[in-house]
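Chain B: place on chain F using the hints.
Chains as they are written, first to last, in the numbering used here: chain F, 109 to 411; chain B, 2 to 273.
The reader is advised that the hints may include incorrect statements.
Unchecked claim - Restricting the straight-line Cα-Cα distance to at most 25 Å, the calculated cross-link-like pairs of lysine-lysine (BS3-like) are:
{"no.": "1", "chain 1": "B", "residue 1": "K137", "chain 2": "B", "residue 2": "K160"}
{"no.": "2", "chain 1": "F", "residue 1": "K317", "chain 2": "B", "residue 2": "K114"}
{"no.": "3", "chain 1": "B", "residue 1": "K114", "chain 2": "B", "residue 2": "K148"}
{"no.": "4", "chain 1": "B", "residue 1": "K213", "chain 2": "B", "residue 2": "K148"}
{"no.": "5", "chain 1": "B", "residue 1": "K137", "chain 2": "B", "residue 2": "K148"}
{"no.": "6", "chain 1": "B", "residue 1": "K148", "chain 2": "F", "residue 2": "K317"}
Stated by the list, open to error - These stretches of chain B come out as covered by chain F in the derived footprint (C-beta under 8 Å, 3 or more residues):
{"no.": "7", "region": "70 to 77"}
{"no.": "8", "region": "127 to 139"}
{"no.": "9", "region": "170 to 184"}
Claimed, not checked - Some but not every residue of chain B turned toward chain F, in silico, with C-beta under 8 Å:
{"no.": "10", "residue": "G109"}
{"no.": "11", "residue": "F112"}
{"no.": "12", "residue": "K114"}
{"no.": "13", "residue": "Q152"}
Derived from the structure by calculation, the hints contain no laboratory data.
Ideal Cβ placement from N, Cα and C applies to all residues, glycine included.
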Amino acid sequence: MKGHDEMINEMRKIEEKAFIWRQIRSSAMFVVVTLSTMLVIAPLVIMIGYVIVNGLGAIDADFFTGELGSPARAMAGKETGLGHTMIGTFVVDTLALIISAPIGVAAGILLSEYPAHRLNPLLRVMNDTLNGMPAIMKGLLAFALIVRPMGTFSGLSGSVALAIVMIPIAARSAESALSNVPWAIREAGLAIGLPRWRVIMSAVMPAAKNGLVTGFLLAFARAAGEAAPLMFTSFGSNYLPDHWMGFILSPVDTLPQRLYALAVSPYKEWHTMGWGAALVLMVFVAGLFILARILTNKKLQNA
Amino acid sequence: MVDELVAEDTLLQNLTKHETAPVKLETRDLSVSYGNNVGLSGVSMQIHDQRVTALIGPSGCGKSTFLRALNRMHELNRGVTVSGRVLLDGKDIYGRDVNPVLVRRRIGMVFQKPTPFPTMSVFDNVVAGLKLQGVKNKKFLSEICEKALRQAALFDEVKDRLNSPGGSLSGGQQQRLSIARALAIEPEVLLMDEPTSSLDPISSMKIEELIKGLSDEYAIVIVTHNLQQAARISDRTAFFYMGRLIEYDSTSDMLTRPSDIRTENYITGRFG
Chain F
109 MKGHDEMINE MRKIEEKAFI WRQIRSSAMF VVVTLSTMLV IAPLVIMIGY
159 VIVNGLGAID ADFFTGELGS PARAMAGKET GLGHTMIGTF VVDTLALIIS
209 APIGVAAGIL LSEYPAHRLN PLLRVMNDTL NGMPAIMKGL LAFALIVRPM
259 GTFSGLSGSV ALAIVMIPIA ARSAESALSN VPWAIREAGL AIGLPRWRVI
309 MSAVMPAAKN GLVTGFLLAF ARAAGEAAPL MFTSFGSNYL PDHWMGFILS
359 PVDTLPQRLY ALAVSPYKEW HTMGWGAALV LMVFVAGLFI LARILTNKKL
409 QNA
Chain B
2 MVDELVAEDT LLQNLTKHET APVKLETRDL SVSYGNNVGL SGVSMQIHDQ
52 RVTALIGPSG CGKSTFLRAL NRMHELNRGV TVSGRVLLDG KDIYGRDVNP
102 VLVRRRIGMV FQKPTPFPTM SVFDNVVAGL KLQGVKNKKF LSEICEKALR
152 QAALFDEVKD RLNSPGGSLS GGQQQRLSIA RALAIEPEVL LMDEPTSSLD
202 PISSMKIEEL IKGLSDEYAI VIVTHNLQQA ARISDRTAFF YMGRLIEYDS
252 TSDMLTRPSD IRTENYITGR FG
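Chain F on its own, in the form it takes in the complex (with noise of 0.2 Å):
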């Protein structure tokens, strides 16, 4: 017996090695995770406390209505307003939104209702195609399709090229939006004798409410940053138009293409007043991703 009482003893030798080892391996590995963690947030947080530093000098009363966009104002050591730049990409963004809504819901809709249609693998492969394209041929093929026929720059030219840029991710958010509804709703509306169209209107589609705003929220967010689709299509403008048709029909300042053209100007002051146009961007799309997310929460309390 005593030959066992050895082996005892030898097996629990071992196992506080071993439980040593388990210890420093756990430890070392908790490190390694917290700092990958770390570095994940590190540079939103940089990026959002570098911003609001650089950009609350830059805001006053000036900024949002000084004269516009005047060089020799800039040169003068004053800034300029960003105010129209303001309802300028709040209009474009918009009327993008109202453009490419409909043609998003309808993709999602032929994507999540008819999994059987023969256009749906097509349509999928085509939408995640889109989706991956630079956000500038997206305002190259806008630039083609209606700045050349008009002849002229126009916030309308630029409110497509952002609805290029968010018709794919409207329509993937559409789908996975209609596809979380139970499919016996859809079965339920069939069997009292609804056609098939009104299922997806009165039954599927009002379940997947929430869904479908925040789908649509995080495209609009997403296309509300982009500058490049911008740069030949709305263009860009110094003054705030005269009627509130030139917001559609005539050249028209946005907040990144502004911000763009602001930080590769020559001025200091222009480059400070970039800074503020960069946080008023910044707050824009926050506010927007931090709605998308009450409304998603939304919609898990309801479930």
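Okay, now just chain B, sitting in the frame of chain F:
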């Protein structure tokens, strides 16, 4: 051809022997396949008006597949093919000129799990079939709503909260709401796919009583896993096994003197 005639002849004799109620729904050589898998093969049977017909059999035997073929519910699913005929009052519901939407207005369906429309009130749920088809007359709708809820034995429980969401009711109430919603469009046939399997015993009992009451007006076909339930509520029972109709007889005969060994094995609990 001759076989077919003989088969029909025997069916007719069986009919005169057991049933006096007219035939409401009839299937002829009905088969359903999912891609390469056969779900149902060559089922011919007659379903009588004002009677409860129970479909029994082990899981995967084709009884739900059969039920769903009776109102063209398979059409939503990919790769499902249906062959053979389903005659409603003698007219094939799979005919070329037949609109499946109109078929489903005459042949209603209640599912295993209660399926209230999540965004609609109790009232809107009940009248959804009418309201979403464009019926706007409020007085008419509320009359229909009350009638359907009374038929489903739910009116007294929900009359004070017709405007609260359908999902706020209990599971048993939701299932009766689903039945009321099916009844509101005044179908002629009611198909029920294990309507009590997700409910507690008291709710199940209420729904069984409801089914017995409704059988005065409708042809009811009910899929059930519960033989006692089939015995309590049905007039005739069909036993399905491996996608085929094995035996179809009056419920009392079938459950006491099955003529096929497979039916006997099933109802005595040897398999399934």
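Against the structure, the hints come out as follows:
no.: 1; hint: B:K137 x B:K160; result: holds, 21 Å
no.: 2; hint: F:K317 x B:K114; result: holds, 23 Å
no.: 3; hint: B:K114 x B:K148; result: holds, 23 Å
no.: 4; hint: B:K213 x B:K148; result: holds, 17 Å
no.: 5; hint: B:K137 x B:K148; result: holds, 17 Å
no.: 6; hint: B:K148 x F:K317; result: violated, 31 Å
no.: 7; hint: 70 to 77; result: holds (count 3)
no.: 8; hint: 127 to 139; result: holds (count 4)
no.: 9; hint: 170 to 184; result: holds (count 3)
no.: 10; hint: G109; result: holds, 6 Å
no.: 11; hint: F112; result: holds, 6 Å
no.: 12; hint: K114; result: holds, 6 Å
no.: 13; hint: Q152; result: violated, 15 Å
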